[in-house]
Amino acid sequence: MPVPYQRRWFALSQWAVICAIPIAILSLQLLYVAPIARVGNIILGESQLLAGGAWGVFLRSSAFAVAATIIEVFGGFFTAVLLRQLVSRWFAKNVGLLLLPVLLGPVIVSFLFLRLPWRPSWLSDRPVLATWATVLAIEVWQYLPLCVCLFWLRLRFLPREKHEFARAHRWSTGELIGHLYWPHCRNLGSLLFLFVFIAAFGEFSKTEIILRSSAGTDTQFISHWLQRLYNVRAPIDPVFAKDSVLVYCGLFFVPTVICAAVAAIGFPWLGDKLTGLCASQKLRMLVPPVAGWWRWPKRSYAGISQVCSVLCGLGMIVLVLAPLLVLVRDISLPSARVLVLFVCSFLFALPVAVLVTVAAVASGIAARLAFPDRLRRLGRDNMLGLLALFVLRAVPAMGLAMCALAWFSVVSALGAGAIVAFWGMSQLVLVFPLIVVFVICIHCDVPLGELEFQSACRARLTEVALHSFLKRFALGYGLAFVFCFAFVWSEDASTRMLSHYISSATVELQMKVIGKGAEYGEAAALVLPSLALAIYATLVWSRWVSKSFDLGEVRNGEGHI
Amino acid sequence: MTTEPSAGRTFPAKPVMVLAAAAVVVLAIYLGLGGCKPRITVLGEDIPSTHAIEQLAKQYEAQPDANVRIRVVKDAYETMVQKANTDLSAGTGVYDIILSYNTALSSYTRNRYVFTFDETKELMGRDAFPFEGDLFEPTWKEVGWYWIDSKQKPVAIPFSANTMLLCYNKELFGDKAKQDAYQAEYGRPLQPPTDWDEFLDIAEFFTNPEEGTFGLCLQGSSYFIYYEWANFAFGQGGGVMKKNWGWQSDENTPLLLTTQPTIDATEFYISLEKYNVKGGASDDYDYLSTDAIRQRERMTKRDVAMCIMWSDVAFGLVENINSSDIFGFAVIPGDKSMLAGGSYYINRKSKHPVKSIEFIISQLSLENQVTAMKRGLCSPLRSAYEDPGVLEEVPYAAALKESLDRGVYMLEAGPDSDAIIVILSDMLQRMWREGGDVAGALEEVERDIEAKRREIYRQISQ
Numbered sequence: 120m121p122v123p124y125q126r127r128w129f130a131l132s133q134w135a136v137i138c139a140i141p142i143a144i145l146s147l148q149l150l151y152v153a154p155i156a157r158v159g160n161i162i163l164g165e166s167q168l169l170a171g172g173a174w175g176v177f178l179r180s181s182a183f184a185v186a187a188t189i190i191e192v193f194g195g196f197f198t199a200v201l202l203r204q205l206v207s208r209w210f211a212k213n214v215g216l217l218l219l220p221v222l223l224g225p226v227i228v229s230f231l232f233l234r235l236p237w238r239p240s241w242l243s244d245r246p247v248l249a250t251w252a253t254v255l256a257i258e259v260w261q262y263l264p265l266c267v268c269l270f271w272l273r274l275r276f277l278p279r280e281k282h283e284f285a286r287a288h289r290w291s292t293g294e295l296i297g298h299l300y301w302p303h304c305r306n307l308g309s310l311l312f313l314f315v316f317i318a319a320f321g322e323f324s325k326t327e328i329i330l331r332s333s334a335g336t337d338t339q340f341i342s343h344w345l346q347r348l349y350n351v352r353a354p355i356d357p358v359f360a361k362d363s364v365l366v367y368c369g370l371f372f373v374p375t376v377i378c379a380a381v382a383a384i385g386f387p388w389l390g391d392k393l394t395g396l397c398a399s400q401k402l403r404m405l406v407p408p409v410a411g412w413w414r415w416p417k418r419s420y421a422g423i424s425q426v427c428s429v430l431c432g433l434g435m436i437v438l439v440l441a442p443l444l445v446l447v448r449d450i451s452l453p454s455a456r457v458l459v460l461f462v463c464s465f466l467f468a469l470p471v472a473v474l475v476t477v478a479a480v481a482s483g484i485a486a487r488l489a490f491p492d493r494l495r496r497l498g499r500d501n502m503l504g505l506l507a508l509f510v511l512r513a514v515p516a517m518g519l520a521m522c523a524l525a526w527f528s529v530v531s532a533l534g535a536g537a538i539v540a541f542w543g544m545s546q547l548v549l550v551f552p553l554i555v556v557f558v559i560c561i562h563c564d565v566p567l568g569e570l571e572f573q574s575a576c577r578a579r580l581t582e583v584a585l586h587s588f589l590k591r592f593a594l595g596y597g598l599a600f601v602f603c604f605a606f607v608w609s610e611d612a613s614t615r616m617l618s619h620y621i622s623s624a625t626v627e628l629q630m631k632v633i634g635k636g637a638e639y640g641e642a643a644a645l646v647l648p649s650l651a652l653a654i655y656a657t658l659v660w661s662r663w664v665s666k667s668f669d670l671g672e673v674r675n676g677e678g679h680i
Numbered sequence: 030m031t032t033e034p035s036a037g038r039t040f041p042a043k044p045v046m047v048l049a050a051a052a053v054v055v056l057a058i059y060l061g062l063g064g065c066k067p068r069i070t071v072l073g074e075d076i077p078s079t080h081a082i083e084q085l086a087k088q089y090e091a092q093p094d095a096n097v098r099i100r101v102v103k104d105a106y107e108t109m110v111q112k113a114n115t116d117l118s119a120g121t122g123v124y125d126i127i128l129s130y131n132t133a134l135s136s137y138t139r140n141r142y143v144f145t146f147d148e149t150k151e152l153m154g155r156d157a158f159p160f161e162g163d164l165f166e167p168t169w170k171e172v173g174w175y176w177i178d179s180k181q182k183p184v185a186i187p188f189s190a191n192t193m194l195l196c197y198n199k200e201l202f203g204d205k206a207k208q209d210a211y212q213a214e215y216g217r218p219l220q221p222p223t224d225w226d227e228f229l230d231i232a233e234f235f236t237n238p239e240e241g242t243f244g245l246c247l248q249g250s251s252y253f254i255y256y257e258w259a260n261f262a263f264g265q266g267g268g269v270m271k272k273n274w275g276w277q278s279d280e281n282t283p284l285l286l287t288t289q290p291t292i293d294a295t296e297f298y299i300s301l302e303k304y305n306v307k308g309g310a311s312d313d314y315d316y317l318s319t320d321a322i323r324q325r326e327r328m329t330k331r332d333v334a335m336c337i338m339w340s341d342v343a344f345g346l347v348e349n350i351n352s353s354d355i356f357g358f359a360v361i362p363g364d365k366s367m368l369a370g371g372s373y374y375i376n377r378k379s380k381h382p383v384k385s386i387e388f389i390i391s392q393l394s395l396e397n398q399v400t401a402m403k404r405g406l407c408s409p410l411r412s413a414y415e416d417p418g419v420l421e422e423v424p425y426a427a428a429l430k431e432s433l434d435r436g437v438y439m440l441e442a443g444p445d446s447d448a449i450i451v452i453l454s455d456m457l458q459r460m461w462r463e464g465g466d467v468a469g470a471l472e473e474v475e476r477d478i479e480a481k482r483r484e485i486y487r488q489i490s491q
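Residue numbers (my numbering), protein chains in the order written: chain A, 120 to 680; chain B, 30 to 491.
Derived by calculation from the structure, the hints in this document are not laboratory data. Everything hinted at is true.
Cβ pair distances, simulated, as ranges:
id: 1; chain 1: B; residue 1: K330; chain 2: A; residue 2: A249; range: 24 to 34 Å
id: 2; chain 1: A; residue 1: M544; chain 2: B; residue 2: A50; range: 33 to 43 Å
id: 3; chain 1: B; residue 1: Q181; chain 2: A; residue 2: L469; range: 52 to 62 Å
id: 4; chain 1: A; residue 1: C463; chain 2: B; residue 2: P238; range: 46 to 56 Å
id: 5; chain 1: A; residue 1: G534; chain 2: B; residue 2: V47; range: 26 to 36 Å
All values derive from a computational prediction rather than experimental measurement. C-beta atoms are modelled at their ideal positions from N, C-alpha and C, and glycine is treated no differently.
With the hints as constraints, model all of the structure from the sequences given.
What follows is the structure, encoded as structure tokens:
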């Protein structure tokens, strides 16, 4: 009797629960941005009060996001390939430091670069190319190490037998990249393309804090433009100003989703072509191999490549840590008020992060079991579906702030508890999509055959979840929690609108960095505990990673990211 | 068939009683600490003025007859405006008092979001408040009056009276060699300039990159460039519009942007670039991102001769005693100074309007204003500037008073205010970056502003 291809682990009621999770998240997201839909019938008509330049700013944001994505993800991948040889215990113990810039969040990163003791002279008149190249460099500084770290870990956990096969067949470096490394990293690449694109597209803090963006200096992103629109219309009528912002958010929505879809689907395709080119025979014909350079590294070349890898790895970590030295300029010990604020912010962010991570892991496991074949790989068909979870990310930060305020008007009558609950819900819908897609990405490594075998053996759901997922991907879940906490901690668009109910070190830091209330000494005092927490989290996670090496999990292909 | 007694399933009376007792104790403490007292929420920008009011609020709360709790919520400016606007337009009454600026006068008054001054007197059953005769009249009219039933009437009570002052480096001005050299070159003693020609001469004199000194530290970031430029435009006989108060415009108010004094003043301002601080290898100064705070910070390097500084930012410069020996303050050159500041807006949906007004009246007592001035507030009360303690401890008090006495409208505050400010800021930044014909640029800006204003007033009339 043939073994069923897929046993249904879920009863009908359980299916309803599984389907309810993404539907609930999507519904909450749509509910959150309902104020945008409410103004959909407003006709702007001829009144275009300072509404010129909207699409120019949109194109600028898109171009910036495309450039940042290509450099960060492809740059991260190829850097990770270069570092692949780096197996030193020291690097493994400290690889988490590469996550520091993204964990600090855009406001702290902007503050660090603001306080550099010198300004590039080429910025003084804001020449367009030089200015945007500088902003792009800061963006790359923040996200490239993340890509390097994740790709490096992914390559470290490459199944040994595949590597042995490649070695036995004496594959060239190009063939390794095209036929082994990139296919192994493609799922992660799909996720990173989407994540860094959204981050770059929605960028606000860097140009606002470092350059004080304005139309007069051609340094606006979409959120700056929307804020200016609000400022101009508010003296006329605050309701008109709010509705104007929401209407433009609605207008930008579809193009933004299209751009994100291109990033999530088009860039991986581009990666396939690029790495295919690396592996192609045509390239080898165009670039004649130099005395064994294309061959499997001989002993002498292995030494040189190891040195290069070490230098590159060290260089990356130094590059990540160097801007932190600017804090010495303003260093002051945090006052009791700052420490209390920090602890309160921690107590707000921690439960939300735990809740989101648990929900994301549960949803990820359920999704993989429900669609074992479809979710083996993040491709065109399933990415489009996962993109639906990112509805909120297509709304600019200013739009999210207006939606938060609109809901605050409704919820405020119910009291402080309702406001805090609303904030928690808003963080859930903002952060959950990123974390669940990350979890789904790492779950792609569960072999289909293993799930089929368990199905055939009629293993219990809890056993499957424990052995195939929870124990295997503990490292990845740990990283998911760290990301989740960092994103909640650094979220400021909606949090600042609820700031006198929700403690947020990031919102407080923003007040101390811009405006007439700026105090750089106090800002530095706020950064220090956040930095200490981020370094602690990354080092703890790194130690965990290095233990995975010690246990020989690399050799067995276990302990996946 | 017998049933076993439900061993271990007795009602957990002891834990419940302990919890209940604890809840009662907590409730008693809460009530004892004033949990049932009405609470007033004050929303303001995170600036020294609001900090000063917050400290006074704590003292006010402690008074036995106050019977109120006061919470002061501080935010960045844009966030504060967005929160205030949402609360007022939705009628949720979350914030009882909003500390905002005269750019809010138009929408708050037209939409009847706030109590007018006469309505506050009616609520208190009074004909006059004790502080009325002591306010700087021009400041009050600039930041707290608006059209009510086609008449100009007071709407809000000022909480701060700001201006822009000339801040100069006493060390550089007091250097004997510099004084002799200046006297020899220009034929007059080296002292803070009283007119714009002297201002230019002093800026030129002190600009010496080889010695590492600069004449000026200007503010070039959006909005702040406009505020600074307004001192030059109005101070040299030009301006933006022909009116008496910032909020007084309508669709027929004539623009002054293409008048010769405005063109000359703008060219003068742009020409100051050569005397401005230059960033470099060890200097993070960047004109186009310099706002009031970065300007203040740059001045602390003590290599710049002068700047035009906001009065509510000057407190941060002189907070420590040594700074007051280094920096001096005077009125800006010419015979006019800028009027600016903020007002207390009492939310019409406030649940405690009377308590709110009582708090405001208390804030505006002389004693509290003197205390607040020493903590950074620019008081709107004239008598506060005559206090010997203020004159001694607040180095800019004398210059601030003189500025307020000769203050005139310089900043826009009508429904078209932000549209005008944004357009002018953009133009000034582009002129700085790219150069070009000032007269042509101002002509284009004036056409743009006229079109925008027509549209704005059409929107309002609908």
